[in-house]
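2 protein chains.
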Amino acid sequence: MVEQRVLDRSFAALSDQTRRAVLARLGDGPATISELAEPAGITVTGMAKHVKVLEDAGLVSTQKVGRVRECRLGSEGLDDAMAWISFYQRLWDRRLDGLDAFLTLQKGHDS
Amino acid sequence: MVEQRVLDRSFAALSDQTRRAVLARLGDGPATISELAEPAGITVTGMAKHVKVLEDAGLVSTQKVGRVRECRLGSEGLDDAMAWISFYQRLWDRRLDGLDAFLTLQKGHDS
Numbered sequence: 037m038v039e040q041r042v043l044d045r046s047f048a049a050l051s052d053q054t055r056r057a058v059l060a061r062l063g064d065g066p067a068t069i070s071e072l073a074e075p076a077g078i079t080v081t082g083m084a085k086h087v088k089v090l091e092d093a094g095l096v097s098t099q100k101v102g103r104v105r106e107c108r109l110g111s112e113g114l115d116d117a118m119a120w121i122s123f124y125q126r127l128w129d130r131r132l133d134g135l136d137a138f139l140t141l142q143k144g145h146d147s
Numbered sequence: 037m038v039e040q041r042v043l044d045r046s047f048a049a050l051s052d053q054t055r056r057a058v059l060a061r062l063g064d065g066p067a068t069i070s071e072l073a074e075p076a077g078i079t080v081t082g083m084a085k086h087v088k089v090l091e092d093a094g095l096v097s098t099q100k101v102g103r104v105r106e107c108r109l110g111s112e113g114l115d116d117a118m119a120w121i122s123f124y125q126r127l128w129d130r131r132l133d134g135l136d137a138f139l140t141l142q143k144g145h146d147s
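Residue numbers (the numbering used here), protein chains in the order written: chain A, 37 to 147; chain B, 37 to 147.
If we strip away everything but chain A, and leave its shape as in the complex, we get (with noise of 0.2 Å):
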């Protein structure tokens, strides 16, 4: 059973654009707070609150490098996000899997 909270903090972490594309960048490797802010045009402060969201929901590690802070993807990842789409998603074929037996029956009557 997943942990409701978690799921709701996943998914608020990924509702918006700048994080989306933080979690983009670090796909190809780790990165500091400035080096995340400079490419979204936001400061360094912005930028650090955005992390600390990604940070909470497990979506991003950070660690003191020196003066800076370094980030990494989390190790959580996004299974549980995905299985919960993925078992809704099954909802909704089967929603249109309904409509369309309905359709075929309609069209059975019509001729």
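To be clear, the hints were calculated from the coordinates, so they are not data collected in a lab. Predicted, not measured: the structure shown is a model, and the values here were computed from it. One should not assume that every hint holds.
Keeping only pairs whose Cα atoms sit at most 30 Å apart, straight-line, the calculated DSBU-like set for lysine-lysine is [unchecked claim]:
1. A:85 to B:85
2. A:85 to A:100
3. A:88 to A:100
4. A:88 to B:88
5. A:85 to B:100
6. B:100 to B:85
7. B:85 to A:88
8. B:88 to B:100
Fit chain B to the known structure of chain A by using the hints.
Okay, now just chain B, sitting in the frame of chain A:
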């Protein structure tokens, strides 16, 4: 190219346990706002707000039937959200593959 605002809205809509439960319930068929509010233990007004968030994200559609508002799963589904998560899941897997290769290498050095 997926519209970023659509993803923002989808993930934000999914970041709440009550709203995820509503999608699960609607997977079994349509329901009124009152029918959704009761098992959630919240007011009809509170549930109407949650349904509005889901509707704005295209995950639920509603229709006024007489004096009540009937809700059902929306047409958009979670394809884009799932595609996004799948893509980033691969980044994570690649990162773990890299770590695995590193540990194997270390093991070779140690022996």
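Okay, the hints, checked on the actual structure:
1. A:85 to B:85: holds, 28 Å
2. A:85 to A:100: Status holds; Cα separation ~16 Å.
3. A:88 to A:100: The given pair, whose Cα atoms are some 14 Å apart, holds under the 30 Å limit.
4. A:88 to B:88: Holds, because 29 Å separates the two Cα atoms, which is no more than 30 Å.
5. A:85 to B:100: violated, 42 Å
6. B:100 to B:85: Measuring from Cα to Cα gives roughly 16 Å; hence the hint holds.
7. B:85 to A:88: Status holds; Cα separation ~28 Å.
8. B:88 to B:100: Holds - the C-alpha atoms of residue 100 of chain B and residue 88 of chain B are around 14 Å apart, at most 30 Å.
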